[in-house]
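J.: So you can see what is in the structure, the chains are spelled out below.
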Amino acid sequence: MRITVTVNGQPHTRDVEPRLLLVHFLRDELDLTGTHWGCDTSNCGVCTVRLDGVPVKSCTVLAVMADGHEVTTVEGLERDGELDAVQKGFVECHGLQCGFCTPGMLLTARWLLDRDPDPDEGRIREAISGQLCRCTGYENIVRSIRWAAEQEARS
Amino acid sequence: MQVPATFEYERADSVPHAIALLERYGPEARIVAGGHSLIPMMKLRLAQPEALIDINGLAGELGRIAVEGGELAVGALVRHAELLESETATDLFPIFRDAERVIADPIVRNRGTVGGSLCQGDPSEDLPAVFAALRATAVIQGPGGLRAVPVREFHRGPYETAVEPNELLVQLRVPVTPGTGSAYEKVERRAGDWPVAAAGAVLTVADGVITQAGIGLTAVGAENFCAPEAERHLIGRPPAAEAFAEAGRIAAGHCEPHADQRGPADYKRHLAAELTRRALTRAAGRI
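Just so you know, the sequences run in chain order A and B. Counting in the UniProt record's numbering, the first sequence tops out at residue 155, every number present. Counting in the UniProt record's numbering, the second sequence tops out at residue 287, every number present.
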């Protein structure tokens, strides 16, 4: 089936099988390997991307379902060579550790701050409850997101 | 890597078109909306539909939440996140807020749908217990038009519903009664997990006594996700701790929980009683 998906502002047209999952479309067809692929069961959240602005787990979305829609991956977070505030926050507050969950964490954090620019710790923890950090580095991830919120409030 | 078996994929552009596609492909076709139950089952090859009919384009027809004719109407394609954020729904029935906050996680809730939860018919699904407690009606559309089925008759067994192969669940309708409070209590092992056990309660009180009671239970083997004997016990009594505790005991007595990795049967039965008591208490406090 021929599909066209706009990823990080760029339309991509490919012939795909209906059973191809969005995560594999992004990684294998478009070489956008920033989207990680983890548990395969919609549990760990490392494959999270934004579909029409809304975070979804791309291991549980068929690529054909994204036909005609817009996807944002972690590669689409920076603007004009400038890292997004949440990316900077993860650098500043060491929210990275092994980095495996980071792309999904970043996209979820960006989504949270778009909707709630001043989330408290409870709100942040709730928002990332669908993302598992295997290093259990949640303290610094929460701090990183708070850092980004404070940075954006100042600017 | 988990990959589904091959299937045909069709996109419906209206409800009648979805029904026409169901008729064309026959009983081995499945509707896909959020897909958060179906697609994992397809990846594990527990489900191998021959065709998927995608109804995600039908939000205009199936994605509304509104009060009409003394009922709250919730479209089948309403996402969990939308129900959670709908003040129309959660102000009338706080049970929706309680339940939706503990269904999976925020990202899964962005995609999964209310109708999908009902149609999946998993014995541990949260929303069947919620809608059973609310005495909701399921509106099903087929080639011959619409029909209404009480949610308490909707689930015929595990993963089995009243929806025929050429039909589509289009809406849930919940009666709006003044003087009603509702609540949902769930015990899960970790964030986003299926319940070990959960109970929903809906209470209507007039002149100091309970005039209507709804108790929904999930993951504990309660027939039709509800506890009618416990509900009957409450009618005509004042909403008080003793009556709620007794209702919990009666409800637990009519459960058939199975021991599994989430816990032994007697623990789940204990939870059924305790969560029913807590849900009733909280529901009464919200009237």
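Derived from the structure by calculation, the hints contain no laboratory data. Here the structure is a predicted model, which is why all the values come from computation and not from measurement. Hints may contain errors.
Ranges between beta-carbon positions, derived for each pair [what the hints assert, rightly or not]:
(1) A:Asp15 with B:Glu87: 22 to 28 angstroms
(2) A:Glu82 with B:Ala148: 53 to 59 angstroms
(3) A:His94 with B:Met1: 30 to 36 angstroms
(4) A:Glu70 with B:Arg189: 32 to 38 angstroms
(5) B:Leu146 with A:Gly68: 46 to 52 angstroms
(6) B:Arg45 with A:Glu82: 55 to 61 angstroms
Listing some non-contacts, in silico: residues in chain B with all C-beta distances to chain A over 12 angstroms [said to hold, decoys possible]:
(7) Gly57
(8) Arg79
(9) Thr177
(10) Asp193
(11) Asn224
(12) Glu229
Partner residues are not named here, just some residues of chain A that face chain B (Cβ under 8 angstroms, in silico) [said to hold, decoys possible]:
(13) Gly9
(14) His12
(15) Arg134
Even for Gly, the Cβ is constructed at its ideal location relative to N, Cα and C.
J.: Of all the hints given earlier, name the ones this structure violates by number, lowest first.
T.: 1, 5, 6, 7, 8, 10, 13, 14, 15
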